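These are the residues of each chain, in order.
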Amino acid sequence: MKILVVSNIYPPFWIGGYELICASIVAELRARGHDVLVATTPSHIPGPPDPPHVRRCLRLSAHLPNYAVSAGELWWVHARDTSDLDNVFALHRMLGEFAPDVVFLWNLHGIGGLHLIDFLNVHRVPWAIYLGDRVFEQMVNGAPAHVNAIFRGDDPDYFASGGVMSVSQHLVDEITSLGNFSFPRPPTIVHGYVLTSGPYIPRSYRPGGRTRFLAAGRVAEHKGIGLICDAVARLTRLGVGGFEVNIFGDGDVAFYVNYVNALSIAHCVTFHGAVPQQQLDDQYRSHDAFLFPTWSREPFAFAPFEAAAHGCVPIVTANCGCAERIVDNVHGIKIERTADALADAMRRVIDGTIALERIGTATAAMVRTDLSFSGHVDKIVGVLSGQRRQWDRSSIDDPRALLLPFVKHHLSLAFRVGATS
Amino acid sequence: MVAQRPFAAVSRLRVAHVSPGYFADESLIGGGERYVSYITRALREAGGSLPFSLSQAVFAIGRKDLAFSDGGVPVTVFANQNPSPDTMAGMSGRLWQVLGDFDVIHVHQALTFFGCYCAVIARSLGKTLIMTDLGGGDCGLLLEHGGLRLADGLLSISQFARSLVGPYFRGPHAAIVGPVDTATFVPPVAQGRRREVLCVGRLLPHKGIDRVIDALPAGLALRIVGRPYHRKYYSLLVRRARGKQVTFVLDADDAGLLACYQSAGLFVQASTFTDCYGHQVRKPELMGLTTLEALATGLPVAVADTASLPELADDPRFALVFRDDAELRTVLARFAAGLWPDPGASELARRNSVDRYGFPVVGRQIAEFYAAVHAERVGP
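Here the protein sequences come in this chain order: A and B. Using the working numbering, you'd call the opening residue of the first sequence number 1 and step up by one each time. Using the working numbering, you'd call the opening residue of the second sequence number 422 and step up by one each time.
Check the hints yourself; a few may be wrong.
Claimed, not checked - Distance windows between CB atoms, simulated:
no.	chain 1	residue 1	chain 2	residue 2	range
1	A	Pro186	B	Ala604	27 to 33 angstroms
2	B	Asp763	A	Asp398	56 to 62 angstroms
3	B	Arg623	A	Asp392	45 to 51 angstroms
Don't read these hints as lab results, they were simulated from the structure. Computed from a predicted model, the values in this text were never measured in an experiment. Ideal Cβ placement from N, Cα and C applies to all residues, glycine included.
Take the sequences, apply the hints, and build the full model.
Take a look at the structure:
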């Protein structure tokens, strides 16, 4: 298949897992012989030259410094989720050049996603979207209803033409619960995947009676790094010892180093910064449990399952997206998102109450069978193939093909600011 | 002039008229809204003589949802979803659903944000898009920025109206004057017209009613029918009318208006590009509907050489054009003296109106224009 991928960000610039997954999927689709072209935005992060299949032709209006917001906040917000004319024009160009069988959408936040989808619908171009975040909710709530109506964004049925995949039912429920958007048909839940190198090797736990906890990913409050620190502080106050917590990843590291010092727990909590995936895999094998007291709106983080593949038992927030794949006390430990609950779970790991070996073996087996990368891509290809159909390329060549988005874009701005005719 | 194009392949046309308002007290009372009502009736009356079937519906924007029938044509009003106070920026997302069922979308009050909104719907849905400027707005997005080219055809309501939008559009463009309701606006049963001048229209400065009052000779009566939309201007008219035989009728209903047409001896429309306050008016009269109504009742007319009005007065036996206030005074003096019009002018005016501006005639012209544009867009 010829597959056009549209994503707001693409490595070497990345924010979190969403962009990295996109790159992994693209690599795998190409490895399977599909002809893939990626449309994305420029990266300000230095890296190797882009391969020919990556075109940085879109413009980004989010995830960037916004010092000039006060000069035109409304325009900035508009371009973020509703309409960015440059990006519609770029999409038009790529549809003409590449003539994809299907357009594969990823995160559209910051590139005027609503207008992009409208453009595809107007020209009846088949599309699918991989939801790793609440993209639809951001689009429909990004502007007042009368502005969205210009792109038919107030009509959920208008999105029925797309094949929607979501990394979790939790994410689908969250988008629905936030209002103004309901899925016209149930999305395909693809969950995550784990890349594993080699078979599962039976391992030991808590060698020498010392427990090793680990956290990996974005070092940020919403990921629960503060809760981990607070839980450790509670345990040390109670006199619990014989454990350590190693935290890998970038983010607000300096803040949390100071926080750890303030709590006087630096002796058992260490920040290591970001490390290559291979090194992280080694760390998973030598740690007993993966701490992930993330916020409840976590759609589906991959790191806990990467750890689980090596028998590192995940301790996760009970109502986050990841929890859908975990049976409590079978594949991991589910907790309330509080420092007390986390401290209690950690204490039970430390004192041996939790059967780490039983759970670690079960969760590794589950991940390696249910969350294989190959199976994940099979699901994606299934949805893309289902969307594939003939579409009239001449529609793109219509001399008025760019006039319509031009008028829509500027009319939407006029509506947004309350201009008069 | 209607563009002549083959439309033999067209067997059925489903036409949706979309308008930012509708003709009712709670919405808008103006020529634009009455025009929409008129052409739906004209199309219906012409239906039997067309080589294709034509069905139609009207969709408008209002304060609340509403549905009614206008002469057998369904009218659906959607509550405005735009918080803007600008009535010409009204819109409803529900138009997306309902317009999908039609072949031709005719957007009235085209040069407004409403018109712009409906145009993008029609174009997005792949419908044949006809647009008509009825005077409400000068949307730059559609004019200088080219948005008008989203349309497949333009229908202008006069050559004057055509001249204003023609430079912005390259496709099929017809100028069709009318229609007027010649079944309602009929001559009086008994001939008994008074030697009285009649002005009808919204009491707005660009209507030039002050010019008529000023030119009115002693002893000649003037009746002014219309709603006082402009308080300052109305006060000016009242002041200038002191000492003259001037009567204001501010609340005439349809029957009252018809009675005025039937009893007067001369209709005057003195609209101007520059009003009494020195303000320039770009589009004072795109069609002059009240002049057409007067003619339909057999009432001779005198109109200013302004905008579209001369197009309606091309036979001096029952219709004169005055170029300035001096000529207006002359026309009124000749009328007061019984020197013009000649006996028989009423009958000529009536016949001219029916033959050129009646519902069946204009309805057929418009329907054929729709079909021609539609056929050109969709191909054989």
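Which of the stated hints cannot be reconciled with the structure, identified by number in ascending sequence? 1
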